[in-house]
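**Student:** Okay, here's what each chain looks like letter by letter:
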Amino acid sequence: MSPSGLHLAMLRTAALLVGEQQRAEWLAEWTSELWHAGHEPHGANLTAFCLGAFRDAFWLRSNAPLPRSYGVLHLDVPSEPVASQSLPEFGVPFLQSPARCLSLLSVMAMVSVSAAFLLPTARNLILPSPYPDARNLVLVTSNAMGSADRANGLLDPYASVSVDEFRFLRKHADMAFYLATHVQIGHTNLFVARTSPDLFRLLSIRIPAAGEHRTSFVLTQAAWRRYFKSEPGIVGSTVNVAGKPAVVTGILAASQWTLPAKVDGWLLEDDAAFAALPADAEGFAVGRLPRPVAGFSSLSLAARHGAEPFISLVLEFLFGCLLVRVRTPFSLGHYPQNMRPGRWLFLTAKLALVLPIVIFGALDLGSLGSSISDIALLIAALGGMFAMGWALADQRRRCPVCLRILANPVRIGQSSRMLLEWHGTELVCLRGHGLLHIPERPAIWFTTQQWMDLDSSWSGLFSDRATSHSLVR
Amino acid sequence: MPVELKLSHTAAMILKAIDAGHIYGFGVMEVTGLPSGTVYPAMRRLERDDLIKSRWEKQSIADAEQRPPRKYYGLTASGRATLQASEKRYPLLARLIPIMEEEKV
Chain H
1 MSPSGLHLAM
11 LRTAALLVGE
21 QQRAEWLAEW
31 TSELWHAGHE
41 PHGANLTAFC
51 LGAFRDAFWL
61 RSNAPLPRSY
71 GVLHLDVPSE
81 PVASQSLPEF
91 GVPFLQSPAR
101 CLSLLSVMAM
111 VSVSAAFLLP
121 TARNLILPSP
131 YPDARNLVLV
141 TSNAMGSADR
151 ANGLLDPYAS
161 VSVDEFRFLR
171 KHADMAFYLA
181 THVQIGHTNL
191 FVARTSPDLF
201 RLLSIRIPAA
211 GEHRTSFVLT
221 QAAWRRYFKS
231 EPGIVGSTVN
241 VAGKPAVVTG
251 ILAASQWTLP
261 AKVDGWLLED
271 DAAFAALPAD
281 AEGFAVGRLP
291 RPVAGFSSLS
301 LAARHGAEPF
311 ISLVLEFLFG
321 CLLVRVRTPF
331 SLGHYPQNMR
341 PGRWLFLTAK
351 LALVLPIVIF
361 GALDLGSLGS
371 SISDIALLIA
381 ALGGMFAMGW
391 ALADQRRRCP
401 VCLRILANPV
411 RIGQSSRMLL
421 EWHGTELVCL
431 RGHGLLHIPE
441 RPAIWFTTQQ
451 WMDLDSSWSG
461 LFSDRATSHS
471 LVR
Chain A
1 MPVELKLSHT
11 AAMILKAIDA
21 GHIYGFGVME
31 VTGLPSGTVY
41 PAMRRLERDD
51 LIKSRWEKQS
61 IADAEQRPPR
71 KYYGLTASGR
81 ATLQASEKRY
91 PLLARLIPIM
101 EEEKV
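If you read the sequences in order, they're chains H and A. Take the first sequence: its letter number 292 is residue 292 in our numbering, and every next letter is one higher. Take the second sequence: its letter number 7 is residue 7 in our numbering, and every next letter is one higher.
Certain hints may be false.
To be verified - EDC-like cross-link-like pairs, simulated, lysine to aspartate or glutamate; straight-line CA separation at most 20 Å: (1) A/53 <-> H/25; (2) H/171 <-> H/270; (3) H/171 <-> H/198; (4) A/58 <-> H/25; (5) A/71 <-> H/40; (6) A/71 <-> A/30.
Derived by calculation from the structure, the hints in this document are not laboratory data.
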């Protein structure tokens, strides 16, 4: 039986299944084989022969060279030649390995914490208060204008206590007052705190007296370097501050001033000069307040350092975590053996690491200015939301056994046929631990993603880096 | 570390047929009795796994014999090693496939 036009047409039709790059050679081989089969002396069933071409073409189509992926099933996806049989790494997500994921999170947490120690404003918040009597000293704020809401230890309160209110407070307690204002010193405009004479006494900062009836002026180290060019003989000299002479009595290191308002210096005025301040000028009151005073809030200076300022950041973080529920449920899906401790430990470790990343990251970004800004709280809330969302999403896409990210997603079913079939995505654990089915649309009988364990009998289907390779028919 | 291959009986039979000198697809079909839809995909898998390699016959030879050129298959070194291992696993394999010395390339 000689090859007919019908047989050639069959081969050409089958060739359409073959990829374009292989089609010409494939057709040439089958055409040649058909010719030889047709000229066999004892004859051959050429139609059956040509039907086999469809299977061959379909196999080639199914096993066309794919981009190197990180998982192969021997039945379906072509693997590397035997001589170099090892799983290619190209395309593997960096965080696929749970150890690598935790390592990266640890590095990020360390960077975040280290940055907080490098930024002066954030560092002041973390380190203990420089004032020995910080536990007994309070920063008083007026309840007006919502200033009390900011008295949380993290954010600096607004200058809310007027000179008049301070005079009232001083009758009841040992108090000091300061207000920050711009003053002219020579040709330079400096941001200076005009303070009552006992501010540094309360803070236990020893400053030499300027002398009777003379105003004392204390510079910050930064201002001394910047405006006075690190002049060594500055202490003891007299400078003209806002038209009045003042004796420079000291230079204060930045770490010694952690109260609100980042100033260049302090003008310690005597009572007479202080009495001349306008009654409604607002500043900050610091001192020992034995009992609460109506209309004022007080915050211990010790509470502005250490762990306490972080409470508001952590609360914002937790609030952000709860906001995740708006977008996605907290449920991780249906797993037959839900009590795999490793899986929960991994989730806990991730959450434990993203907490410092977000909290200290928020602190770092919020303290880029002269004081911690409101943006730190916003970042903590948003960071909590994204971190929690990521931790849950990452957990959902991992194998519950080996904790590696699942791969080879396959779309299954059709959205129009959901009565008896499920429609969604199937992912596989490359180590053969199981399959994850994620419904495209939740149905009553398939509301959430479901994990299906594969027992060891399936292991032959999965390639392994160093195990045997089975060739199947 | 060399990877040990475990061939199915069909794959081993095809490998043995090629080793015996049946070096093109239809020849393998004839000697093994397997249909074309089994033989050709299996040969592609064997080639993919570097157990066999293929080459096209020279056009001049085919022209001289007034026929289209054929695609010939031969065993690679790893294919030969795998076949030896398979012959231990399938002792009757050698008896199933007659050797065609004259067609060996």
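**Student:** Compare the structure with each hint and give your call.
**Tutor:** Hints, verified against the model:
no.	hint	verdict
1	A/53 <-> H/25	15 Å, holds
2	H/171 <-> H/270	18 Å, holds
3	H/171 <-> H/198	15 Å, holds
4	A/58 <-> H/25	15 Å, holds
5	A/71 <-> H/40	17 Å, holds
6	A/71 <-> A/30	16 Å, holds
Of the numbered hints given earlier, the model fails none.
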